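Could you build all of it, start to finish, from the sequences and the hints given here?
2 protein chains.
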Amino acid sequence: MFAKILYPTDFSDVSKKALAYLRRLKDAGAKEIVILHVIDERKIEAIALYGTSGSFVFIEKMEQEARKEVIAIEGELKKCGFEARARIEMGIPLREILRVEEEEKVSLIVIGSHGKTNIKEMLMGSVSEKVVRRAKNPVLVIKR
Amino acid sequence: MFAKILYPTDFSDVSKKALAYLRRLKDAGAKEIVILHVIDERKIEAIALYGTSGSFVFIEKMEQEARKEVIAIEGELKKCGFEARARIEMGIPLREILRVEEEEKVSLIVIGSHGKTNIKEMLMGSVSEKVVRRAKNPVLVIKR
Chain S
1 MFAKILYPTD
11 FSDVSKKALA
21 YLRRLKDAGA
31 KEIVILHVID
41 ERKIEAIALY
51 GTSGSFVFIE
61 KMEQEARKEV
71 IAIEGELKKC
81 GFEARARIEM
91 GIPLREILRV
101 EEEEKVSLIV
111 IGSHGKTNIK
121 EMLMGSVSEK
131 VVRRAKNPVL
141 VIKR
Chain H
1 MFAKILYPTD
11 FSDVSKKALA
21 YLRRLKDAGA
31 KEIVILHVID
41 ERKIEAIALY
51 GTSGSFVFIE
61 KMEQEARKEV
71 IAIEGELKKC
81 GFEARARIEM
91 GIPLREILRV
101 EEEEKVSLIV
111 IGSHGKTNIK
121 EMLMGSVSEK
131 VVRRAKNPVL
141 VIKR
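Just so you know, the protein sequences line up as chains S and H, in that order. Residue numbers 1 to 144, in my numbering, belong to the letters of the first sequence in order. Residue numbers 1 to 144, in my numbering, belong to the letters of the second sequence in order.
Calculated directly from the structure, the hints in this document are not laboratory data. Remember, it's a predicted structure, so these values are computed and weren't measured experimentally. Treat the hints with care, since some could be wrong.
One copy or two, either will do: identical chains are not told apart, so a pair holds if it fits within one copy or between any two.
Claimed, not checked - BS3-like mimics (lysine-lysine), calculated; alpha carbons at most 27 Å apart, straight line:
| hint | residue 1 | residue 2 |
| --- | --- | --- |
| 1 | K61 | K4 |
| 2 | K136 | K105 |
| 3 | K43 | K68 |
| 4 | K17 | K68 |
Written as structure tokens, this is what we have:
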């Protein structure tokens with residue numbers, strides 16, 4: 001029921017808060033955690049379009065930063081006794097989350113209620129709301 | 001973290017599916033469960049407005065049915081070792097859920113993604129979506 005969890009994160013504070021809940025779910029049978037960070041392709045496109053010659057370096061740096069963050073989370077969860085595995089995908093966050101949900105055959109999604117890009121979410125609705133609407137599996141939404 | 005759970009139910013199939021998740025959360029520290037059924041006051045008003053002389057009997061019967069259902073759930077959860085308590089409130093479901101969340105100082109809400117009134121929800125968005133948006137505590141949404 002809680003055996004394999006998908007944990008999408010954009011490293012926001014509420015995403016990090018969700019980590020504590022993941023740990024607590026261990027006693028309820030959680031074993032495997034797939035950590036997912038999606039690099040928003042629309043952001044990349046915008047940088048590439050309007051950016052200077054340093055854009056490529058910037059994008060590469062962004063990916064490196066993300067890799068460092070997910071590896072840290074992976075290590076932390078492994079220390080708690082989970083089978084943890086990190087994935088970085090490039091795409092539209094909602095779409096990638098639903099794709100990985102299917103691909104990994106998870107049994108639960110644990111997600112923060114709001115991402116870092118707060119203003120956009122206030123206008124468009126948060127990614128987590130859309131995940132709740134469209135996911136096949138139960139979703140635990142952690143609030144700020 | 002999962003100690004006191006609010007479980008709003010309209011007795012739909014997905015609400016009942018949520019019960020299995022509640023049971024599983026026991027090992028993660030769930031102790032107390034508040035079962036909440038809201039009798040939608042708008043429905044009552046409509047019945048009273050357009051109903052025949054039998055309306056009052058009908059409303060009373062509806063409440064009795066609800067009471068029977070929540071007592072059955074309460075018994076089931078108590079058998080699993082929970083401190084369970086049922087509440088029936090009259091009002092707007094979203095508003096009552098948020099009010100009881102506050103009043104009972106729960107630490108988690110477990111709710112089915114869709115209610116029985118499916119067509120209305122398809123047009124207006126589901127109660128669970130609104131609960132996710134406005135609750136103060138984490139929300140576990142169980143999908144059909």
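So, going through the hints one by one against the coordinates:
In this assembly of identical chains, the alpha carbons of K61 and K4 never lie at most 27 Å apart, being 31 Å within a copy and 43 Å across copies at closest. In the homo-oligomer, the alpha carbons of K136 and K105 lie at most 27 Å apart inside one protomer (10 Å), although the nearest pairing across protomers, at 30 Å, exceeds that limit. For the homomeric pair K43 and K68, the shortest alpha-carbon distance inside one copy (20 Å) is at most 27 Å, but the shortest distance between copies (54 Å) is not. Proximity of K17 to K68 under the C-alpha cut-off of 27 Å is restricted to the intra-copy arrangement: shortest distance 18 Å within a copy versus 39 Å between copies.
Checked against the numbered hints above, the structure violates only hint 1.
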